[in-house]
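Given only the sequences and the hints, what does the whole structure look like? Please build it.
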Amino acid sequence: MGLRRKVQRDLMDSGLPDDLREEFHQLSEWAHTLPAKFGDRVYVRLIDVASIEGFFKSLVRRFGRYPAFTVEGRRYVGRDFTRVDALIAERLHGKEGKAIRA
Amino acid sequence: MNTFLAVIIGALTVYLAYTLYARRIDRHVIQSDPKRATPATLFMDGVDFMPTNRNILFGYHFKSIAAAGPIIGAIVAANLWGWLPAIIWLVLGVSFIGWASDYSGIVISVRNEGNSLSAIAHRLVSPRARTILFVFIFFYLLLVAGAFVGIMATVLESQPRVHLGVIMLTVMGLLLGQMLYRWRTGLVGATLLTVGLTFLAILSGPWTEEIFKGLNAAFNSTTGGAPIVTYFDPTLANFKGAEAKMMPSVLIWAIGVALFCYAGSVLPIWRMAQPVVYVGFWVTAAAMVLGLAGALVAPFAKPEVAQFVIPAFKGWNPQLGPAGIMPLWPMLFVTIACGAISGWHALFGAVGTARQIENEADMLPVGGGSMFCEFLLGLLALLAVSVGAKGAPVGAFATGLGGFISVWGVPLQYATSLAFAAFIVIVLVVTQLLFRVMRVTLSEWLGEAIPPMRNQHVASLVSIALAILLMLTGTWVYLWQLFGGANQLMAALSLVLVTVWLASAGKNWLYAGLPAIFMYVTTIASILVTAYNLYFNVYQVNLAAGRVIPVVGSGLMVLVALLLVAAAAIIGIDGWRAFRRYRRQPISAPRPAAARA
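Read top to bottom, the protein sequences are chains G and W. Each residue of the first sequence is one higher than the one before, starting from 1 at the first, in the working numbering. Each residue of the second sequence is one higher than the one before, starting from 1001 at the first, in the working numbering.
Hints in this document: simulated from the structure, not taken from any laboratory. Just to be clear, a hint being listed does not mean it is correct.
[To be verified] Reference listing, derived: stretches of chain W covered by chain G, where coverage requires no fewer than 3 residues with Cβ under 8 Å from a Cβ of chain G:
(1) 1274-1283
(2) 1301-1311
[What the hints assert, rightly or not] Now the in silico label distances, taken between C-beta atoms and shown as ranges:
(3) W:1182 to G:85: 25 to 31 Å
(4) W:1033 to G:45: 19 to 25 Å
(5) W:1041 to G:18: 26 to 32 Å
These numbers come from a predicted model, not from an experiment. For each residue, glycine too, the CB sits at the ideal point set by N, CA and C.
In C-alpha cells:
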C-alpha cells in the first residue's frame, strides 16, 4: 500500500465512530441498489451533515436528526430505506418518463 | 494608493487572467473534455477515488491549501521591499505561474490515472526522481511544521487576548464532535451553540487579556525571569540585528500548540480534527468576508484605515543583520509564496483533489479557482500591512484586518481580536493535519528500520520535537524563507514534470515550461542565499557566543537547504534529459479512457 493510500486510509478509518461508519455503509449499499430499482431516473446527492452545506441544508429543510432524506421536497428522517424507496416510487409515478432528484 | 483601488486591481487580475489566459490553455492546450472519464469515476473505491461535486471539491481544495503562507509572506515582503514589488509579484505570479501550477498538478494526475507526482516522475523522468521527491517532501513538511509552530507560539505569547478564543475553539470542537457523533444532536443547534460560544470567547479577548498576561508572568517566573534560549535575531534593531531572548512562556505556548497538534494527530478525525475545522471555518469566514468587504468600502466609509502609508519601494537589497543579504531577486519570489504560486497546492492537488474530479471541466475552476482565491487572501494581508499596521507580521495583519472589519461598526479592539483569532485558527487547523500526515509518513519510511516508529504516539512526538527544535533556534525569518524556498522549489519541480509530460504528449509546453525555468533558477538561488545568511548571520554569530540550540538548529537548516538544492539539481538534470528525449520523439499520449455514456 503506497504512502498516499496509507494517509487516506488513516483519515477514512478515523473519520467516523464505528456505529456511524456501519450506518454509512448501509446507506451506501442502499444507494447502490437504486439503479436496479429505478434505472437512470433517480439522481442521488449525498451530503455530509458535518459540513457547511450540511448546515444550510439542515437549516432550510429543518432537519434535526439524521440520516435525513428529501425526494423532490418530500422529507423523511430515519433508517428505514424501504420508506425512501416508496417515496421515490411515489414521486416517479407522478412523473412518467422524467428524472427526479433525491 | 488606497484599499479600494487595490481590491479593484485584485478583482481585475482574477477576471482577466482566468478568462483570457487560463481558459484558453484549458481549452486549446489541455483540451479538457467533459465526456472523458476521470480516475474518480473509473476507479471509484470510496477511499481514494470518489467523484465529487465541483462546488464541494472547490471548498475542500481551498481549505486544504489556505494557511499562513499567503498572509505572512505578503507582510514580510512589504516590510522588506515595499508594497509595490509585493503587489506586482502577487499579480504577475498568480496570473502566469500560480494558477498554471495548481491546475496542472491536477491535470497531470487526472490524465495519468490518478497517479501522484512522484509516481509520474518515476515513469516519465527517472526512477531515482521518485525517491528524491520522497525525501524532499519529508523535509519540506518539517520546515512547514517548524515555521507554523514558531509563528503560533510567538503570537500566543505576545497576544494574550486570543488565548480564551483558542482554548474555547478547542473545547467547542471537542463538544461538537461529541454532540454530532455520539449524542446525535441536530447540526443547526450544535453549530449555534459551539460557534456562538467560540465567537463570544474571541470577542471577550480584550477583557481577559490581563488574566493571561499574569499567566505568562507566572510561566516566566519559573526561571526567575531568565530566558530559556538566547539567540541572535537579525531582524531586530531596524534590521541591524540584536540579541533576543526566548522566555519560558513562548516554550509553554509552543508546548500547548504541540499538545493540540498531538491530540489532532492521534485522536480519531471525528473526535477533534474535523469538528475543530468546522467551528474554525465560521471564525475565519466571518473575518475574511467582513475584512475584504471592509477594505473595498473603507476609502468612503472610514478613510483613515484605507490609505497606504508604508513606502511603495524600499530598496533592491535591504540590510538584514550584520552579514545578511536580501536581494529582491530571488528573495521576493520565495518570501511571497502561496499567494502567487505554491508547491503545496500542486502536491495536494495531485495526490488528493485529482482523485475526486468528477468531470474534466471541473479541473480549472477547482484548481485554478482556488489559487485565485488564495491570491485574494494574500492581497488582503498586503493591504492590512500597507495601510500602516506596524509590528510583527501577524500583529500587522490582525491590526490592519481589524481596521477593515471596524468599518462595519465593530469596535476596533474587538475587530482586532477577531482578526488575531482568525489567523491562529487558519494556521492551527492546518498544522494539526500536517502532523497527522508527518506521523504516517515517518511510520511508513522508518517503521521497518526503527520499529518504535510504527507506534503512532512515538511518530507524532518525534515529528513535534523536530519542529520545536527548529522553532527554538529563533531564526524564524530564515526558517520562513527556507520553507518558502522549498515550497517554491516543489512548485518548480511540479512544473518541470508537467513540461516533460506536455512534451511527451506532443503538446505546447510553453505555458508550464517558461514558469518552470524561472521558478527553478529563482528558488535554487534563493535557497543558496538563505543558506549563506543562516551560516554567516546566525550560525557563526551564535557559535562565537557559545549558544548551543541556535547553532544546532541553524546548522541543521543549512544542511537541509543544501540537501534541497542537491535534490533539485538531480531532478532538474533528469528532467532536462527527459524533456529533450520527448521533444525529439514524443510518445503517444495515454490512451483516453472510454467516454461515458
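**Violated hints, by number in ascending order, as checked against the structure** = Violated hint: only 2; rest satisfied.
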